[in-house]
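Chains A and B, in that order, give the protein sequences. Numbering-wise (our numbering), the first sequence opens with residue 9 and increments by one. Numbering-wise (our numbering), the second sequence opens with residue 9 and increments by one.
Hints may contain errors.
Which copy? The list can't say, so a pair holds if one copy fits it or any two copies do.
[Stated by the list, open to error] DSSO-like, lysine-lysine: derived pairs with alpha carbons at most 30 Å apart:
hint, residue 1, residue 2
1, 307, 509
2, 222, 474
3, 391, 222
4, 45, 509
5, 391, 45
6, 307, 474
7, 45, 474
8, 45, 307
9, 391, 307
10, 509, 474
11, 474, 391
12, 45, 222
13, 222, 307
No wet-lab data here; the hints were simulated from the structure.
Protein chains: 2
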Amino acid sequence: MPQHVVIIGAVALGPKAAARFKRLEPDSRVTMIDRGKLISYGGCGIPYFVSGDVSDASELQTTAFHMLRDEAFFRDTKDVDVRTETEAVGIDREARTVTVRHLPTGREEVLAYDKLVLATGSTPSALSVPGSTLGGIHTVNGLEAAQHIRALVSGGGVSRAVVVGAGFIGLEMTVALADMWGVETTVIEFRDQILPGVISGNLARMAQRHMEDKGVAFRLGEQVRAFEAGAGGRVARVVTDDAVLEADLVIVAVGVRPNSGLARAAGLAVSERGGIQVDEHLRTSDPNIFAGGDCVELKHLITGSPAYLPLGSLANRQGRVIGTNLAGGAARFSGAVGSWCVKLFDISAAGTGLTLTAARAAGFDAQSVHVSQLDRAHFHPDKGIMSLDLVFEFGTGRVLGMQGLGVGGDALVGRVDVLASLLPSAPTVEDLGGLEMAYSPPFAAALDILNVLGNAAENILEGRNKGIQVDEFAVRWGARNGHGPYVLDCRERANAEDLLKAHPEHWHNIPQGELRGRLDEVPRDTGVVLICNTGARSYEAFVTLAHAGFRDVVSVEGGMTAVLAAGVRV
Amino acid sequence: MPQHVVIIGAVALGPKAAARFKRLEPDSRVTMIDRGKLISYGGCGIPYFVSGDVSDASELQTTAFHMLRDEAFFRDTKDVDVRTETEAVGIDREARTVTVRHLPTGREEVLAYDKLVLATGSTPSALSVPGSTLGGIHTVNGLEAAQHIRALVSGGGVSRAVVVGAGFIGLEMTVALADMWGVETTVIEFRDQILPGVISGNLARMAQRHMEDKGVAFRLGEQVRAFEAGAGGRVARVVTDDAVLEADLVIVAVGVRPNSGLARAAGLAVSERGGIQVDEHLRTSDPNIFAGGDCVELKHLITGSPAYLPLGSLANRQGRVIGTNLAGGAARFSGAVGSWCVKLFDISAAGTGLTLTAARAAGFDAQSVHVSQLDRAHFHPDKGIMSLDLVFEFGTGRVLGMQGLGVGGDALVGRVDVLASLLPSAPTVEDLGGLEMAYSPPFAAALDILNVLGNAAENILEGRNKGIQVDEFAVRWGARNGHGPYVLDCRERANAEDLLKAHPEHWHNIPQGELRGRLDEVPRDTGVVLICNTGARSYEAFVTLAHAGFRDVVSVEGGMTAVLAAGVRV
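Chain A extracted, bound-state conformation (with noise of 0.2 Å):
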């Protein structure tokens, strides 16, 4: 029997169940409404138009095909009726109603649905301290705040940029600041790393080092305590803990909290955190009543909690699952690890599952190890560094998650997918040694990146070799002086020659392949700190230390490759 639908929200999801469904069921009729004038946009598409890598807005808002799906687009080519700048303002649950308001006008109206699907996406958080409502301070919020940015930056009025917050919204909002338009920008973190939450503090100190040396500055571990206006009334100063600064624009991307008040509202089940319920199926506490996307919460497949991933991918697949239970289908959402990747400048850094931060505040005894190495064959000219952090259990050596950087970005997100792929039949470090990825020297390392990672963990897992990473290997090297740790570079004499000069006291030299005939001049009183370019050799001098007997001996994993992508001094 046909139904009618009615879809609140009509930016990612709402459009992909609508089309989806009609395709199930033509005879149905779908009401689809949104606030907004733009509808079915590619929202993550906004930095590249803010950038001018996307010239105009309406290429965010059109097929591959050059077709603008508009209200007249979803009418033709989908049959679905649309109504923009239509809010809805309330759901009758009983009487399957949704009172919708068309914002010019003010009229109401009264929509019965036999279906209902809430896509309603999220909110930008504002910030509350004096001063937020200035003009020039702006969240990411739509493709029309977006156009309101850019007429701002295009205009050649914005000469200095503070960005509030250093997530992917607040970064890529900055690159298109920076690298297109020349602004000179400043990104304040509230917390002491940039990508808090989905990167490791090592990760993030090298992307950090990368954006500034394309000229952003960073301000971590500081808080916005007040906006200024300047003479026009506009904003002009951002005071914070321990400075002011002069911005002409500000951009606020401190999060977003999803749009459930209606839900709540209506009576429907909404998570502390805001996040509308819905189970495997996308059906929310009311049967006739699905919801997607930003507005509700998941299950995290790897700790089995419930998680907020306001993520543009999982909404598209999401919304073909609604579209196909509107049609009494029972397809499966079932959840996410949370999978993601950003491109910064010349460099990308992408993830998948959790931080080690996140896996042991989700109980597991974790442990984390980092390679960094060529992403393709060493001697074919396209190579760029990779550099990988893989989160594994201990004792299951069940991997949890892998963040990464790299300068080839398709490979770094390729690595990742196959672990996202993976994920969530919990595959362990053994399986990640063993995987069968393609091989040829313009694309890979005859032992892939990830047979690397895996077998680098599974070598610490069984204790043959003890790893620290960068910002261990920092906290030793500043104690030095004390009872500083011996260290030892494993490269060859020509690589270590330099830091032998500069440190003669307490940079010490052994080439790998000498290391067997010279144990003697390695000293057994104290820890002993293996470094090479990569870590490979470090390895190595590992293995012939610990069965000389060495005891308190630790590798650094990723050499002076990773020392110095992550800036530290030596």
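With chain A fixed as given, assemble chain B onto it according to the hints.
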């Protein structure tokens, strides 16, 4: 108790097994022998050395930290004895000895072993036709042979080359000759497509067309009958069934066969096709002898049957497994699904698992679906077309393989690697549709092409779409003057204009958005072939026609994008 391990073969697997074993048992002794002068080199890099991308042959033999992996390197850094130019001439399994012969002196010696590793590799097949031993005819047989070829080409003496065999090595050598040295190159292939056995005819035609655009000539379905000498006694002409081609250089790349003569002579189990048989611990039929790499037969993880997969990446991983097991471990190498990638000028090809032909030959009731679409957000400036064939089983929806082409090589290989890592656990097309992939506009579309591919296959399985691929379209279009189909272009008028003018009787256009209102224009008494740019709109049109009761309708998978890429004339 310390052991003595003898390893025969020191290119890929041998060194890896040696190094791993020595890390586990530093007190044991390893002797590794090789017939060649050069050892431990990246054999898959040979085409890149011939092209000049890799300037010096030694780069293929160095570590990522620029140390040459020669005998001294293995002695110093790995504590492994290496003997080059030394051949194994016989194994006495009872006595546990290998007789080896030093090739320059002819001196023989008997080495006692506790464990033996056969890493004897493979030998390129030769053509047994008249003239096949003439100067100027080369197989790609190790680094020393490659140095010969490079010297010939860089010396300027080669203006026309013929490559026999359009497999990976043949095509990589073709690119090396044509791209970097401007050599006029013709490829002769006995079978009727390039990359025979590893991709579909449709993808092969697309790749061939790209190579033709770069100036390479192909002669498919043709066999070499003889080579003829010129004035200097070197090869000057290649005689095929159909033509006589002039050539200063001939590369024969018609496959390789496992070097298993030594194993066979020692009474080890060797398959009919010549691969040494091993169990999942890579142990031969003699528990003291292991084997791996190009000389063994593996289990294909999808068909369950024996397979011969001479791939460098497998050899490397097998080396570690053997190293572990030499030290008493129980590491497994359970088999492979067969994953590969190859760069062909500006595009790349890659695949994993079974092709449709291979799947059917293995007894699967298989089908394939083709998707051509952009490899990242369509509004991102770096986008390129990616074309993928997914092979799956009817009924179960089990995914059996995937092959593809792409402009963005790393992006393509990333998708293939995802599937390669999943294939051993027999994923379904539904799993593929739901895969979590990292998304950001510079790297992917919000709905990744793998999700699209899974959904497309699901639509076919559930009868919601019926696709034909480019070859079938060409057949139907070729029959347009008889009882041909009604070809309906579902793109906008402007896109269809040229074809409407060229074929006013046979090409029809109703934009997909207008189709519901113009159903009476579509004939019900003849088959309908729907086509658009990539297959997305023709799928929507298929749903509309099916709902309106049209029965004999198909949609062209990959649309005009695939038709044009394959060079089908319309």
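Original post:
Checked against the structure, which of the hints given earlier come out wrong?
Top reply: Structure breaks hints 1, 2, 4, 6, 7, 8, 9, 12, 13.
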